[in-house]
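S.K.: Construct the complete structure from the given sequences, taking the supplied hints into account.
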Amino acid sequence: MGPVILEARDIWYRYPRGMDAIRGISFHIRRGEKVAFVGPNGAGKSTLLLMFNGMIRPDGGVILFDNKPIQYDRASLRDLRRKVGFVMQNPDRQIIAPTVYQDVAFGPVNLGFSAEEVQAAVGRSLAQVGLSGFERRPPHQLSGGEKKRVALAGVLAMDPDVLVLDEPTTGLDPSGSEDIMELLEELSHQGKTVIISTHDIELAYPWADRAVLLTNGTILQEDVPDVAFGDPDLIKLARLSMPTLLELYMELKKRGFSLPERKPRTVLDMLNVIDRAFRNRPCYTEPGRITVYDVDAPCGLSLADWKAGHAGVAIGAMGTRAKQRAAEENIPLDFTYGVIDKCILKALLGEDSLIVTTGSMVGRVQERVREFGRENRIEIPVNIAGEE
Amino acid sequence: MYEELLEDIAHKSALRETHTGVKIVTGAGAIILCLLSPGFLAPLLVAAVLLMALVFLARVDVSTLGHVYAAPALFAVFSVSAIVLVAGGGETFWQWQPAPWFSLSVSRAGINQGVLVFARFIGGTTGLVFIALTTPMTDLFSVMRRLRVPDEVIDLAMIIYRTIFMVMAHVVQVYGAQVMRLGYSTFRESLHSFARLCGAVFISSWEAGEDLIRAMEARCYAGKFAVLGKDRPADPLSLAAVATFFVLTGAVAVTTADVTLF
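Listed in order, the protein sequences are those of chains A and B.
Sequence positions in the first sequence follow our numbering and run 123 to 510.
Sequence positions in the second sequence follow our numbering and run 2 to 263.
Warning: the hint list may mix true and false statements.
[Claimed, not checked] Chain A stretches covered by chain B per the calculated footprint, using a threshold of three residues with CB under 8 Å from any CB of chain B: (1) 214-221; (2) 229-243; (3) 260-266; (4) 271-282.
[To be verified] According to the in silico footprint, chain A covers these stretches of chain B (three or more CB under 8 Å from chain A): (5) 134-147; (6) 164-175; (7) 204-213; (8) 217-224.
[Said to hold, decoys possible] Here's a subset of chain B near chain A, in silico, CB distances under 10 Å, partners left out: (9) Glu8; (10) Asp9; (11) His12; (12) Arg17; (13) Ala158; (14) Met159; (15) Ile160.
To be clear, the hints were calculated from the coordinates, so they are not data collected in a lab.
All residues carry an ideal CB built from backbone N, CA and C; glycine is no exception.
M.R.: And the structure:
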């Protein structure tokens, strides 16, 4: 993990109507981390998040960005807001221009970019969120998920180091929520520090590197998600419910099963837990092969060609550009989220699978499969399409 | 409850990608030509050509066009009837005297005048409808910029445009919530509900305005707003088509200047 990028030291804030919103909070966030602030409504999550880019100034305490206390003069705030992008809960309130292009260009134009730079920044950030071709669409014609992506693109166009998202999945259907979380995962792999607030503990649990449990303006617990969400008393105090997988693990443990130390964060982990619990040895013999197709490095083979040569192989796509590519070639996808784990599950059943993804995520696939293999003493072969 | 907006039709129009300037010149030119034409045939020709362009080139639904024309057509029928009855001069064509103190008469000059006004109305309205159904407001902002409209006015227009749809969505939601709870069941109740609707929308608009300022500040607002996408170049084929249209209708206007119905 990188050096500390954001730090709060004993922050206090009182609403104008006299209620304490934040009561003596201290924490730090490291560069490249994925942090989830989790708590019930009114816990002070949004208020705290708005302090990260200087929209709210704390009454007491100090917030440091890059180890320097935040200054509240116009020029310093401008610089801070360029580096800390904020995505509001309601995208309708964040999208201010009549077309997608104009809205995404708003930040770059105000930062004084040249016309060519603005165009490049808009093109790049729309591609990042998978909305290329939406430039001339008016926001009122977009779906909730698309509006959320436009709001995110508007912030990405300023190329911030830190992305702060207030309730990023509110109002989205389950598939839209998964898409947004996967996009945040992708952005994190590109080096962004991502901070979200949520009360959807099931979404935060597998995603976050670290979770901060907030209630009544104070921090209840701050740790890796399985520890932060693993104390039933604290979870009850925060008026949340424990993630299902974690609860299941705890229940199995209470019944005296011998379980691996690492608590499960995904269905794959859970399967491994159950497998150990009941047979104390993994249930696979001949694992299947996982092939990775990199859309950024053409291997001289179209997806359709690859599919034709490997009939019946399950295909998953990770990342918006990968999904677009599959759509362009009319390739039906078996998995669109949790793709690596689902392909490992396939491999454990002895079946082959293909992961379509972007260049930056190829290493991530290999690393995750290797890590699983190390933990479970099994080797699942991973190869790049075209190099078979 | 769900209304289709002219703006949405314009966004879906098959002529959407045609150069904005070409479409505006066509529509505005058609209106001017209809107003200048001394005969009624040229405006009718203008209307026929533009309607065909709307149906076959822009692929606008015929029933949509019917809806768009219904209200102005009703207005035109009443206005033209009044003109026909009031305008005098020339030979009397028809007369009716139901009572000694009341008579109605229509002269040939009155009919000719009414027909000309009606034709101009149809032609002019079609010019306007042509612009409205092929050119979304978002494309007009860049035309405003080219016409040297001050940036402040364009910025304001853009914010208003964006806000209208948010306010409208809120009005639809609140109105729906009121109707579901029988808010408009009696006249008295309707007045109360409407007042509450206005109040709720006013407050939410105020809050949206404050959020707008926050959103702009969070994105480094430094006084710049009106950035516009690149214009597409005018396609020679459409330029030639528009030129032919004006030459043809202009020629008809000149040659049929003296043609009247009676």
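S.K.: If a hint holds in the structure, say so; if it doesn't, say that too.
M.R.: Evaluation of the provided hints:
no.: 1; hint: 214-221; verdict: holds (count 8)
no.: 2; hint: 229-243; verdict: holds (count 7)
no.: 3; hint: 260-266; verdict: holds (count 4)
no.: 4; hint: 271-282; verdict: holds (count 3)
no.: 5; hint: 134-147; verdict: holds (count 4)
no.: 6; hint: 164-175; verdict: holds (count 3)
no.: 7; hint: 204-213; verdict: holds (count 3)
no.: 8; hint: 217-224; verdict: holds (count 8)
no.: 9; hint: Glu8; verdict: holds (8 Å)
no.: 10; hint: Asp9; verdict: holds (7 Å)
no.: 11; hint: His12; verdict: holds (7 Å)
no.: 12; hint: Arg17; verdict: holds (8 Å)
no.: 13; hint: Ala158; verdict: holds (9 Å)
no.: 14; hint: Met159; verdict: holds (5 Å)
no.: 15; hint: Ile160; verdict: holds (7 Å)
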